[in-house]
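Please model the entire structure based on the sequences and the hints provided.
Following our numbering, the numbering of the sequence shown begins with 884 at its first residue and continues without gaps.
Among these hints, one or two may not hold up.
Unchecked claim - Taking lysine-lysine and the DSS-like style, the derived pairs with C-alpha atoms no more than 25 Å apart in a straight line are:
id, residue 1, residue 2
1, Lys939, Lys951
2, Lys886, Lys897
3, Lys953, Lys939
4, Lys939, Lys949
5, Lys951, Lys941
6, Lys941, Lys953
Unchecked claim - DEER-style ranges, computed between Cβ atoms:
id, residue 1, residue 2, range
7, Glu916, Gly890, 39 to 47 Å
8, Glu965, Val944, 29 to 37 Å
9, Tyr930, Ala908, 41 to 49 Å
10, Gln955, Ile918, 53 to 61 Å
Calculated directly from the structure, the hints in this document are not laboratory data. Owing to the predicted nature of the structure, the values given are computational and were not obtained by experimental measurement. Where a beta carbon is used, it is the ideal one built from N, C-alpha and C, also for glycine.
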Amino acid sequence: MVKGRPGFYLEAWKFGVYISIPVFASFYFSDPETIKKQADYWKFIEYPENPNTNVKQKIQVIAKEKEKQKEQRLAYQLQLQELN
884 MVKGRPGFYL
894 EAWKFGVYIS
904 IPVFASFYFS
914 DPETIKKQAD
924 YWKFIEYPEN
934 PNTNVKQKIQ
944 VIAKEKEKQK
954 EQRLAYQLQL
964 QELN
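So, in structure tokens, the structure goes:
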């Protein structure tokens, strides 16, 4: 480690570099175009293909099943009431 005034200058320069690199990087990467270019280049965001192309049909089938279960529950409740 350097002592004296040259050591102070060295430490000040290292501190300046330590502070300035994140500041400059923040300014550079805060630009939306730069973010888009970096994300496209490094492929940060890759969405998988959607295998569920018939989601609407599946939802309709589930809704019909629930309605059928509801009707069966009501019929069962009526049968229980008749037994009492």
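Consistency of the hints with the structure:
no., hint, verdict
1, Lys939 / Lys951, "18 Å, holds"
2, Lys886 / Lys897, "15 Å, holds"
3, Lys953 / Lys939, "21 Å, holds"
4, Lys939 / Lys949, "15 Å, holds"
5, Lys951 / Lys941, "15 Å, holds"
6, Lys941 / Lys953, "18 Å, holds"
7, Glu916 / Gly890: 39 to 47 Å, "43 Å, holds"
8, Glu965 / Val944: 29 to 37 Å, "32 Å, holds"
9, Tyr930 / Ala908: 41 to 49 Å, "27 Å, violated"
10, Gln955 / Ile918: 53 to 61 Å, "54 Å, holds"
Violated hint: 9 only; the structure is consistent with all others.
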